[in-house]
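Top line first, the protein sequences correspond to chains H and F. Heads up, the numbering used here is the position in the first sequence plus 454, with the first residue counted as 1. Heads up, the numbering used here is the position in the second sequence plus 24, with the first residue counted as 1.
FYI, nobody ran anything at the bench for these hints, they're computed from the structure. Cβ coordinates follow ideal geometry from the N, Cα and C atoms, glycine included. Check the hints yourself; a few may be wrong.
[Stated by the list, open to error] One side of the interface only, derived from the structure: several residues of chain H facing chain F at Cβ under 7 Å:
no., residue
1, His624
2, Gln631
3, Gln632
4, Ala635
5, Met639
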Amino acid sequence: MDKVNILLVDDQPGKLLTYEAILANLGENLVPVKSGREALQFLLKEECALILLDIVMPDMDGFETAAVIRQRQRLERTPIIFVTAYSTSDLDRIKGYQYGAIDVVFAPIVPEILRAKVLALVELYRVRRELAQTNEQLLAEIVERRRAQELALQAERLAAIGQMVAGLAHESRNALQQIQASVEMLSRRIRSQPESSLVVEIQKAHDRIHRLLEEVRGYSAPLKLNCEVYDLSAIWNEAWRQLSAAHKGRDVQFHVDTGDLDLRCLVDGFPIERVFGNILENSLSACADPVRIAIQCSAAELNCGGAIRIRIADNGVGLTDEQRRHIFEPFYTTKTSGTGLGMAIAKRIVEAHGGKIAVADERGPGTTIEILLPRRRS
Amino acid sequence: MNRSISIVVAEDEPVMQKYLEETLTLLGYQVLCLVASGRELIDRCRALRPKLVITDIRLPDMNGLDAAAEIYSIEPVPIIVISAFHDPEFIERAERNHVLAYLVKPIKQQDLEPTITIALSRYHEFHTMRQEADNLRQALDDRKMIERAKGLLMKRAGLDEPEAFRRLQKLARDKNQKLIEIAQIIVTAEEAYRKTI
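Full structure from sequences and hints, please.
Below, the structure written as structure tokens:
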């Protein structure tokens, strides 16, 4: 058991020595100080199990010292034993202190009595300290359990939504197919008439609903990974190529700096392409020309394994604190079009690979998204 | 690409039937018939021997994938399925059932066109490869038969290997028959002898 501090306060060195002699065999850490001020200095930094406090001291007497000690919340319950000669006026004043664990020993001191009182209080202190620790642990456990419950509930809710969405997607696809078939046949029949522009609008609306539905379905469907070894640069290049409609004809520089880093990684290529695609798409819509997008890679470690850190930076408008907080939440969007699922999907995919994704901390123009992907290769 | 390719389509949705017929015709294919059930699809395929089958997975009487498996077992033919489901299990099953393409609704003409072209050419490749494999297997069987005939000649006529082979070649030339045919005659004759003795 670790020793506890017992603070001994008396202006007479001889008395301090006496207390030390009496209490030495308790095996605790005795701290003798010569004034109330010294006692307070010690208490500022250290804990103690109890304070043995002489009442009559020059400068700052025992009562004054006790009053200052009591003002501190941390020391509110630290037991104080006053040492006093038999004096009625002192006893009256002690009555004024009849709160907390204040005790009195009368000089001349009977060693057995002092030792017994100190021992009892030290034990009380130990028990109380233990209790406080247990309480803290219990509290932490409760918080942890509540968090787990909330997560479980959220997962359950997501699973239910997922199931609903899968059913919805299936039924909607049949309906969308009928719209598609009818629109296509209609457009063939009225191709050269002015009304054909209406058909184009219907087609666009159809495509939008279709895309929205697929995004929501993709987000809620269980993610099954088919991992193979890929060179990550091949994946982001493909993602970039897929976005050519969004950057063709614009002033765009797509700069990649990977050093000599081995970019091979065990991932499912298709969803990871989606991650890069979603990030790059955001960059393209956040930046006015000239657009500068830079990918930078470095070696990293994640859960004691090799990993690759990929930073994708743009020179766009950047994110507000609010946006930073919510960027990975589903249905959070700052764009007028889109589902608000892009970054939520990206996070889900990266985490399914055992990786991490975050907005990099640096301020300044533009946004930097940082991904950590474990290599997961032997 | 040969566009006068005959197709049988199974789809129970009237709008989709009309759409597929119109679109496939527009693309230059010949829609032999449109059916609305799996049973009909199998029957019509058996009778009409189309060059391509397109079927919805959800048919009123059976699963389009089961129909596809049955059709394929009668005669191999490229099959494209259309489905509103996007489940990996379905796609996996489709692969096992010799389905060459899996289209997820809603489909457009611009999806249909390349899918059919690719499915047909992939099937063609596959078919060619299978024929080559058959030819190789045949060649291997022939080689074994010729070896046996050669062995018999060496034993019966006391020839060494090149002489036995030359005699086989000469016989084929003289009788105007293939080497494998001569080899078969010799092996058969040997069997006949062995049985009389």
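Hint-by-hint comparison with the structure:
no., hint, result
1, His624, "5 Å, holds"
2, Gln631, "4 Å, holds"
3, Gln632, "5 Å, holds"
4, Ala635, "4 Å, holds"
5, Met639, "6 Å, holds"
Checked against the numbered hints listed earlier, the structure breaks none of them; every hint is satisfied.
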